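**Q** Read off the chains here:
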Amino acid sequence: DQQVKQNSPSLSVQEGRISILNCDYTNSMFDYFLWYKKYPAEGPTFLISISSIKDKNEDGRFTVFLNKSAKHLSLHIVPSQPGDSAVYFCAAKSNNNAGKSTFGDGTTLTVKP
Amino acid sequence: NAGVTQTPKFQVLKTGQSMTLQCAQDMNHEYMSWYRQDPGMGLRLIHYSVGAGITDQGEVPNGYNVSRSTTEDFPLRLLSAAPSQTSVYFCASSSAGTGFSGNTIYFGEGSWLTVV
Numbered sequence: 598d599q600q601v602k603q604n605s606p607s608l609s610v611q612e613g614r615i616s617i618l619n620c621d622y623t624n625s626m627f628d629y630f631l632w633y634k635k636y637p638a639e640g641p642t643f644l645i646s647i648s649s650i651k652d653k654n655e656d657g658r659f660t661v662f663l664n665k666s667a668k669h670l671s672l673h674i675v676p677s678q679p680g681d682s683a684v685y686f687c688a689a690k691s692n693n694n695a696g697k698s699t700f701g702d703g704t705t706l707t708v709k710p
Numbered sequence: 030n031a032g033v034t035q036t037p038k039f040q041v042l043k044t045g046q047s048m049t050l051q052c053a054q055d056m057n058h059e060y061m062s063w064y065r066q067d068p069g070m071g072l073r074l075i076h077y078s079v080g081a082g083i084t085d086q087g088e089v090p091n092g093y094n095v096s097r098s099t100t101e102d103f104p105l106r107l108l109s110a111a112p113s114q115t116s117v118y119f120c121a122s123s124s125a126g127t128g129f130s131g132n133t134i135y136f137g138e139g140s141w142l143t144v145v
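Sequence lines, in order, name chains A and B.
Going by the working numbering, the letters in the first sequence line up with residues 598 to 710, in that order.
Going by the working numbering, the letters in the second sequence line up with residues 30 to 145, in that order.
Any given hint might turn out to be false.
Derived CB-CB ranges, DEER-like [said to hold, decoys possible]:
| no. | chain 1 | residue 1 | chain 2 | residue 2 | range |
| --- | --- | --- | --- | --- | --- |
| 1 | B | Thr143 | A | Ser691 | 23 to 29 Å |
| 2 | A | Ser671 | B | Met56 | 27 to 33 Å |
| 3 | B | Pro112 | A | Pro710 | 35 to 41 Å |
| 4 | B | Asn57 | A | Ser671 | 30 to 36 Å |
FYI, nobody ran anything at the bench for these hints, they're computed from the structure.
All figures in this text were calculated on a predicted structure; none of them were measured in a lab.
Idealized CB from N, CA, C, for every residue including glycine.
Isolated chain B, as found in the complex (with noise of 0.2 Å):
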């Protein structure tokens, strides 16, 4: 009873480097989605996908990249990682459904990063 399964769960980066945290779903989502979470703040929206090869971005995407070549998997690419990326990340999937099954949203339990 996977659901929503993010690796790795904790990383320190240096200034610079680049990092994937990968994201896969086991409950043929059609949605899949990345917020981070910054200290008394809420969720936000970095990017999103609505379906393979579908992805669009957020709130704040500067300094992230997605892709969706799978229904399952959804990563999140940090190309030069800098100081203001320090955060939790958490992804996200849910149903294109309609009601109930397509408006909750399934979280996974997030990964800590820290760049220094």
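Isolated chain A (complex conformation) (with noise of 0.2 Å):
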């Protein structure tokens, strides 16, 4: 059982224009959401951040959106730039088990010049 899920494993979007990864989970314990990018032969780094109390977090470029009744959240990233082309994990934990984060399978995202 799958807990978390990207349902779309790439994306290719124009040098400029927005990138929208989606991710959905099943687990209504989860109450914290995390996206992380990876870059080939790297380990994943830490990119944004939501709690469930909320409904938006921004970051410069980034932004992500959590739909909690629709058990859903997105990352926009705008404008996409090339340095952007990576894989880019979706993760949830739970503070009643705060040690373990479940990862979705990733997107891969290609921005093109």
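Bring the two chains, given one by one in their own frames, into a single complex with the hints.
**A** Here's what the structure looks like:
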């Protein structure tokens, strides 16, 4: 039972346009959500996060939206840049078990110049 | 500024051999975990620890052992390597604090393991 799902394995966008990466979850106990970015041959690095008490968090070009009723979150990148090309992982955790984070399968974003 | 350090970076094993992937962090983090990433798949949790002396199983624990004798170290042991364990392994750590510091996971650079 995959509790965090990223249904789009890949996404291609033009430089300067918006990239929207989606993530769905099934466990209603999750109360903190994070996005990670991963380049080839490197470990994932933290990008942005959101608590379940919020519906939006913004950091520069990156905005994460949370729709708790739909158990859905999305990452918006505006404007997209070629350097944003990477694999993006959605992750979720519960304060009841804070040492354990569950990741989705990732979405490979390609930003074309 | 080491962060999370994993060794070795690359390893080839024969089926049935055992080995240990080392992981150390210098951020005094309470939480540590091991993930594996297979082609086209996400990060699957193998084992995790919420503090020295405490470990628990993740999603795919079979064939692996862990121990946490110190806050800094969290080695992952492959007991009898199988081709199905060919993967990229990531060690990670995070703080038990609240808010941003308590929810950001720091990853090592990965260990590429091939079992033939």
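**Q** Should the hint that Asn57(B) and Ser671(A) are 30 to 36 Å apart at their CB atoms be regarded as holding?
**A** Given about 34 Å between the Cβ atoms, the range holds.
**Q** Take the C-beta atom of Thr143(B) and the C-beta atom of Ser691(A), compute their distance, and say whether it sits inside 23 to 29 Å.
**A** 35 Å, violated
**Q** So the hint says 35 to 41 Å: do the beta-carbon atoms of Pro112(B) and Pro710(A) match that?
**A** 40 Å, holds
**Q** Starting from the range 27 to 33 Å, see whether the pair Ser671(A) and Met56(B) falls in it by beta-carbon distance.
**A** Between Ser671(A) and Met56(B), where Cβ atoms are some 30 Å apart, the hint holds.
Going down the numbered hints, you'll see the structure goes against just number 1.
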